Structure formats: C-alpha cells, structure tokens
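Visitor: For reference, the chains in residue letters:
Number of protein chains: 2
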Amino acid sequence: MIKLIALYRKPDDPEAFFAHYRDVHTPLVRRLPGLERLVLDRVTADAFGAEPAYVLIAEMHFADRETFKNAMRSKENAAVAEDLGGFARGLATVLIAEATVDG
Amino acid sequence: MIKLIALYRKPDDPEAFFAHYRDVHTPLVRRLPGLERLVLDRVTADAFGAEPAYVLIAEMHFADRETFKNAMRSKENAAVAEDLGGFARGLATVLIAEATVDG
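These protein sequences, in sequence, are chains A and B. With the numbering used here as the guide, the letters of the first sequence map in order to residues 1 to 103. With the numbering used here as the guide, the letters of the second sequence map in order to residues 1 to 103.
Take the hints with a grain of salt, since some may be wrong.
Copies of one chain are not kept apart here, so a pair can be met inside one copy or by any two copies together.
[Claimed, not checked] In silico lysine to any residue, SDA-like type, Cα no more than 20 Å apart, as pairs:
#, residue 1, residue 2
1, LYS69, GLU82
2, LYS10, HIS20
3, LYS69, GLU98
4, LYS10, ALA99
It should be emphasised that the hints constitute simulated quantities derived from the structure, not laboratory data. Values in this document were obtained by computation on a predicted structure and should not be read as measured data.
Hey, can you work out the whole structure from these sequences and the hints?
Guide: Pasting the structure below:
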C-alpha cells in the first residue's frame, strides 16, 4: 500500500486551521480518485514531554503505486494542492511511503 | 484509537539501522501488552522533491487510552525505550495521537 502522509506543524490559529481542515480541505481530499482511506491522527502530546513537532498527521491510503500516481495527476489533486498552499502555507511536510502491517 | 507514532530521521548508516529495526526493535515492540497493530511506513520521497525529513514512520495502534497507558507503564516498554536510546539516539520523534478514519 502507498500512503501520502501530511505532517502539519502548529498553526498560529489552531481553531481556524482545524475548522478549515474539516470543512474545506477534507471534502477536497475525499474526492481524490482511488483514495481508499483517509486517516487523521490528531497529535495530543510528545512522548518525551517536548512541544509536539506536529499537531495533525493525515494519511491518505492508496492500493498501489499506479493508483497513487493517477491520483496525484488528477484535477482533484490540483484543487487539494491549491487549498494546501493557502491555509497550510509553510506548515505541511508531505511524504510518500510504502506501508506494511507488521505484527 | 490511540497511536504512538515514531518518526525516524535519516541515520548515518541506513542499512545497519533498518537491520536493527527489523531484527531487534520490532520483536521488542511486538511484545507490548495491548498492542493491536504495528504499521511501518517506509518513506520513499518527499512529495515536493525535498530530502525526506524522515526515513521511517512506525505506528503502534492501541484500542483506547487506558490500554495505551498500561502498555507505556509495562516492563516490555522499558525494553523498547532502552533499545530506542541506543540504535536511534537523536533520530526519533515520538508522538501520541488520537486517530480517526474519515472518508
């Protein structure tokens, strides 16, 4: 499985950020062709007591690399990227990963 | 669901790091009481072409906060933490998150 993993640093206005994420960004992400699942990890703490490096980790799951590539090339993804460049400018690190369940 | 999410920066010797992760660290993690699932996200790229901030993201899934707390207090977790402080010293950011599937 291929995952697109977006790590969001703390915004200046967390309330506005999460409202936009929920009401505007999530509906755009859901339209990505081939998206199997969207998982939202809301960070509550750093395990060693530091200020958490991120407030939100969003995982978008795709069955395989071909499905993922098609999603990235889609007009729906252009809308996702444009929205990201607005509400999350400078806040998001986005990684591509191969995921395996182990144990 | 509660997740413990470990983000690993690039080690000096990736081959030795991944061998230790697979052969030593993973068996220790599997022994955590209440662990529902261990998911390993092997990072292959940064979506915007940068050097990826992390090489590996490990997710440990627990049913709820109580199960998670018991796991963290266990002797098995002391062994996990001790091993982490060796092979991954200075490389790991570990976050606690509440996860929801959305869409």
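Visitor: Need the list of violated hint numbers for this structure, in ascending order.
Guide: Hint check: nothing fails, all pass.
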